[in-house]
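Engineer: Model the placement of chain B on the given structure of chain A, informed by the hints.
These are the residues of each chain, in order.
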Amino acid sequence: MSQNRKSADVDLGALPDLIGYVLRRAQLEVFQDFFSAFAPFDIRPAQYSVLTVIERNPGLTQSQVAEALGIKRTNFVGMLDALEARKLAERRQTAGDKRSYALYLTADGTALMRKLKPVLKTHETRMIAKIGEDGRDQLIALLNQLADDPPAREGHNGAPVKPSKASRSVRPESAET
Amino acid sequence: MARRDAEAVQFGPLAGWIGFNLRMAQAAAFQAFAREAFGVDETRPGRFATLTLIAENPGISQTALSRANGRDKSTLTPLLNDLVKRGLVARERTKTDRRTYRLTLTTEGQAVLRRLTESARRHEANLDRLVGRADRARFLRILKRISSSLA
Chain A
1 MSQNRKSADV DLGALPDLIG YVLRRAQLEV FQDFFSAFAP FDIRPAQYSV
51 LTVIERNPGL TQSQVAEALG IKRTNFVGML DALEARKLAE RRQTAGDKRS
101 YALYLTADGT ALMRKLKPVL KTHETRMIAK IGEDGRDQLI ALLNQLADDP
151 PAREGHNGAP VKPSKASRSV RPESAET
Chain B
178 MARRDAEAVQ FGPLAGWIGF NLRMAQAAAF QAFAREAFGV DETRPGRFAT
228 LTLIAENPGI SQTALSRANG RDKSTLTPLL NDLVKRGLVA RERTKTDRRT
278 YRLTLTTEGQ AVLRRLTESA RRHEANLDRL VGRADRARFL RILKRISSSL
328 A
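Residue numbers (the working numbering), protein chains in the order written: chain A, 1 to 177; chain B, 178 to 328.
Hints listed in this document are in silico derivations from the structure and should not be mistaken for laboratory results.
Everything hinted at is true.
Cβ-Cβ distance ranges computed for the label pairs, FRET-style:
{"id": "1", "chain 1": "A", "residue 1": "D42", "chain 2": "B", "residue 2": "R270", "range": "38 to 46 Å"}
{"id": "2", "chain 1": "A", "residue 1": "A14", "chain 2": "B", "residue 2": "K250", "range": "23 to 31 Å"}
{"id": "3", "chain 1": "B", "residue 1": "Q239", "chain 2": "A", "residue 2": "Q93", "range": "47 to 55 Å"}
Computed list of lysine to any residue pairs in SDA-like fashion (alpha-carbon distance at most 20 Å, straight line):
{"id": "4", "chain 1": "A", "residue 1": "K87", "chain 2": "A", "residue 2": "Q47"}
{"id": "5", "chain 1": "B", "residue 1": "K272", "chain 2": "B", "residue 2": "L282"}
{"id": "6", "chain 1": "A", "residue 1": "K115", "chain 2": "A", "residue 2": "F38"}
{"id": "7", "chain 1": "B", "residue 1": "K250", "chain 2": "A", "residue 2": "Q32"}
{"id": "8", "chain 1": "A", "residue 1": "K130", "chain 2": "B", "residue 2": "R313"}
{"id": "9", "chain 1": "A", "residue 1": "K130", "chain 2": "B", "residue 2": "R318"}
{"id": "10", "chain 1": "A", "residue 1": "K121", "chain 2": "B", "residue 2": "A192"}
{"id": "11", "chain 1": "B", "residue 1": "K250", "chain 2": "B", "residue 2": "T277"}
{"id": "12", "chain 1": "B", "residue 1": "K272", "chain 2": "B", "residue 2": "G236"}
{"id": "13", "chain 1": "B", "residue 1": "K321", "chain 2": "A", "residue 2": "G135"}
{"id": "14", "chain 1": "A", "residue 1": "K98", "chain 2": "A", "residue 2": "Q62"}
{"id": "15", "chain 1": "A", "residue 1": "K115", "chain 2": "B", "residue 2": "P190"}
{"id": "16", "chain 1": "B", "residue 1": "K321", "chain 2": "A", "residue 2": "V10"}
Positions of the beta carbon are idealized from the N, C-alpha and C atoms, including for glycine.
For reference, chain A alone in the conformation it holds in the complex (with noise of 0.2 Å):
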């Protein structure tokens, strides 16, 4: 496979023509970028990730947010800690469950956003110089048919409904990092 030898001639095998070898790889170039952009904030897309659904869904319970981003509950809760060690969002007791918190972003929280949205706007139009605006919209809308595909919706992260043997004996990478 000579057109695979890449990477001072090194040779990839066979692995550029698997998709999930590629998609990782870009969703590796594409964290990198992120992590760069976002380090003096010290931000994690993670982190982000989770800011952005509770500043669209205050209120939300941490098990709605944790299911809804794939996160495992036994590492959101330790996100979940941090960020509210850093005063960015807090948990309110619910009424009528007191098992049950509900999520808000604090004022400073509130303000951090304001300022990491450009930021995150920036390293999106470097994204997008690479494939173009009709690329993103194709490449979203494929990447939405992975996503999608009910088995693999049981879990993103190893959390599954119901968890099975395959499930809980085999993990894929953290998708927190």
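Structural biologist: Positioned in the frame of chain A, the structure of chain B alone reads:
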């Protein structure tokens, strides 16, 4: 986008963000690969790629491997340590440069890779079905334009 049972949730700008969509699709694909490869040792896709690269390039150095795989050394080293501990990868010092290691697969590593490759093939067939045969090439082309080192 994400899960239908969470349809009431507003994703706001995330819905149009390339990174978010890549991550959700990639997590779904990883999960599906893990299910497909269940029963085979070392089902994590990152390990599959690493084993494949070592098999295709016997004697490769850790630096060349991390560059080829788009991983930095800090994530590759623990992965390799684990593969060595499991007896799938052998790490030997080179004669010329004591600081450089040559990586090869052990016999056991080759056997595991063969089984994983079978799983990957079935898994890819599933992804093809979801994306559609006709769209596959277009999909790979767009993804490779994002991942400049693969383009």
